[in-house]
Every structure is written in C-alpha cells, then in structure tokens.
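Undergrad: Build out the structure end to end from the sequences listed, making use of the hints.
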Amino acid sequence: MASGVKPRVKVPKTAAAGETITIKTLISHKMESGQRKDDDGNPIPRSIINRFVADFNGENVIDVVLEPAISTNPYFQFDAVVPEAGEFKFTWYDDDGSVYETSKEIAIG
Amino acid sequence: MELTRRTMLAISSGAALATGLGALPAFASLTDDEIAKITGGAEMGEGAITLTAPEIAENGNTVPIEVSVPGAVMVALFADGNPTPNVATFKFGPLNPTRSASTRIRLAGTQNVVAIAQMEDGSFQKASANVKVTIGGCGG
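If you read the protein sequences in the order shown, they are chains H and L. First residue of the first sequence? That's 1 in this note's numbering, and the numbers climb one at a time after it. First residue of the second sequence? That's 1001 in this note's numbering, and the numbers climb one at a time after it.
These are computed hints drawn from the structure, not numbers from a lab. Don't be surprised by glycine CBs; every beta carbon is placed ideally from N, CA and C. Take the hints with a grain of salt, since some may be wrong.
[As the list claims (entries may be wrong)] Dumping the calculated BS3-like pairs for lysine-lysine here, alpha-carbon to alpha-carbon at most 25 Å:
| no. | chain 1 | residue 1 | chain 2 | residue 2 |
| --- | --- | --- | --- | --- |
| 1 | H | Lys24 | H | Lys104 |
| 2 | L | Lys1091 | H | Lys6 |
| 3 | L | Lys1091 | H | Lys104 |
| 4 | L | Lys1091 | H | Lys89 |
| 5 | H | Lys10 | L | Lys1037 |
| 6 | H | Lys30 | L | Lys1091 |
| 7 | H | Lys13 | H | Lys89 |
| 8 | L | Lys1091 | H | Lys24 |
| 9 | L | Lys1091 | L | Lys1037 |
| 10 | H | Lys24 | H | Lys10 |
| 11 | L | Lys1091 | L | Lys1126 |
| 12 | H | Lys37 | H | Lys104 |
| 13 | H | Lys89 | H | Lys10 |
| 14 | H | Lys104 | H | Lys10 |
| 15 | H | Lys37 | H | Lys10 |
[Claimed, not checked] According to the in silico footprint, chain H covers these stretches of chain L (three or more CB under 8 Å from chain H):
| no. | stretch |
| --- | --- |
| 16 | 1078-1086 |
| 17 | 1112-1126 |
TA: Right, here's the structure in full:
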C-alpha cells in the first residue's frame, strides 16, 4: 500500500528552551493484519507499517516496532524535550519497503 | 436419549465452552515465551509501570492504551489473547523525558494487556491490565 498514505503530525510551533512538549502523530494506513480472510476464504496477506521513528536534530526521541495488533491508521502520542530550536523528523517504514517521512520545525520563543 | 433441538443446543454450547477454556492456556504460554525472549527469564519487579487501558472496550479494533514508565529504556506491549501476542515495542531516546507513549491497538477478545519494561539499570518491570472487549478486532 504505497498510495493514499498521508502522515499527519501535531507539534507546537514554539516552545521554551528545555520545555517538554507533547507530539501527536497519525498516518493513514490500513494495517492489514494477515489474520483476515477475503470473501472466498483466502487469507489476505499482511501489509503493515512495521517501524516508526521520531528524531530531533538527529537525536532519537522514540523508536517503535509495530506488530499487526496496532490499529488501522497508527496513532502515537509521546513527549519530547526541546533543548534548542530545530527540526523534528518522523519516519514510518512500510512492509512493502516504502518509507514515509515528514518533518516539523520548532522555534524557541 | 432422544435428540431434541434443546439437547443439541446444550451439547454444542458445552463443547464450545470446553474448547474456549482449552485455548486460553495456549495463548498465555505464547505470551510467556515472548516475554522470556526479552527478559531472558530474569525476575520482574512491579509498580514502576503505569498502564492505562479501558476496563471495557466496545470495539476491539481500536483500543486506546497508554503506558508510562519513568526511567525505562524500552517498553514492550503484549496482548495474551491475540493470535500473535506481540503488540508493539517502544524504545525511548534521550530526548524523551517522561518515557510515556500512547497508541491504539487491536484486541481479539476479552484478555490481559501486559507491559514489560526494561529500566536504565537493566532490571525489568511488569504490569498488566484486563480489558473486556465487546466486539473482537480480528476480522472473520
């Protein structure tokens, strides 16, 4: 499923230096578990996002391994501390080899 | 004995119950195996993990789960009643101060959600929460 995948990320535009902020991420993906069967009883092959990584200026914030038990349109909420102005980089890895990326700038203010 | 519709119903529901009970320990040991792979059989403490899960989830396709473990480097989530117990593994980087994360997971039915955390000193912590699921999230 390389089409129709749209990452959405919510990061505050500004933060005080050293402040802890909350980040919410969502990516549209059907997360086919491999457990379901189609109308003819044939198993539908697994097709999920298997890894999600969030970095800030090259330093890791969170690294998640996803299994088929994660719901459709995987959603994550987590905290990050912002030592300086910079860029959050979010990366999702699909079973089919696709990589979806998005990034958000944050300023100190 | 004459086989009426009523006795047939009683027999079949009894059989279903028996297979249901028989299946439970199999799933539980699968989870234990996966946990042992992570901990290597080490002793697990309790109390450091805050695992927030709904008591009753109407839709097993999307159950909100939140886990918070101050001082953890890694947290793994398991669902002991799913066909595959692994749910997700969170590794926390240096820029994550609260070591907490929330997500939405699939649950096949009423079961325990188990969280295993590896702390900074290498020790392990365990917590579990029972979630009652009205409609399972595994598809048919």
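Undergrad: Each hint should be assessed against the structure and marked as holding or not.
TA: Results of checking the hints against the structure:
{"no.": "1", "hint": "H:Lys24 to H:Lys104", "in the structure": "holds (12 Å)"}
{"no.": "2", "hint": "L:Lys1091 to H:Lys6", "in the structure": "holds (24 Å)"}
{"no.": "3", "hint": "L:Lys1091 to H:Lys104", "in the structure": "holds (21 Å)"}
{"no.": "4", "hint": "L:Lys1091 to H:Lys89", "in the structure": "holds (16 Å)"}
{"no.": "5", "hint": "H:Lys10 to L:Lys1037", "in the structure": "violated (35 Å)"}
{"no.": "6", "hint": "H:Lys30 to L:Lys1091", "in the structure": "holds (24 Å)"}
{"no.": "7", "hint": "H:Lys13 to H:Lys89", "in the structure": "holds (14 Å)"}
{"no.": "8", "hint": "L:Lys1091 to H:Lys24", "in the structure": "holds (17 Å)"}
{"no.": "9", "hint": "L:Lys1091 to L:Lys1037", "in the structure": "holds (16 Å)"}
{"no.": "10", "hint": "H:Lys24 to H:Lys10", "in the structure": "holds (5 Å)"}
{"no.": "11", "hint": "L:Lys1091 to L:Lys1126", "in the structure": "holds (16 Å)"}
{"no.": "12", "hint": "H:Lys37 to H:Lys104", "in the structure": "violated (39 Å)"}
{"no.": "13", "hint": "H:Lys89 to H:Lys10", "in the structure": "holds (12 Å)"}
{"no.": "14", "hint": "H:Lys104 to H:Lys10", "in the structure": "holds (9 Å)"}
{"no.": "15", "hint": "H:Lys37 to H:Lys10", "in the structure": "violated (35 Å)"}
{"no.": "16", "hint": "1078-1086", "in the structure": "holds (count 5)"}
{"no.": "17", "hint": "1112-1126", "in the structure": "violated (count 0)"}
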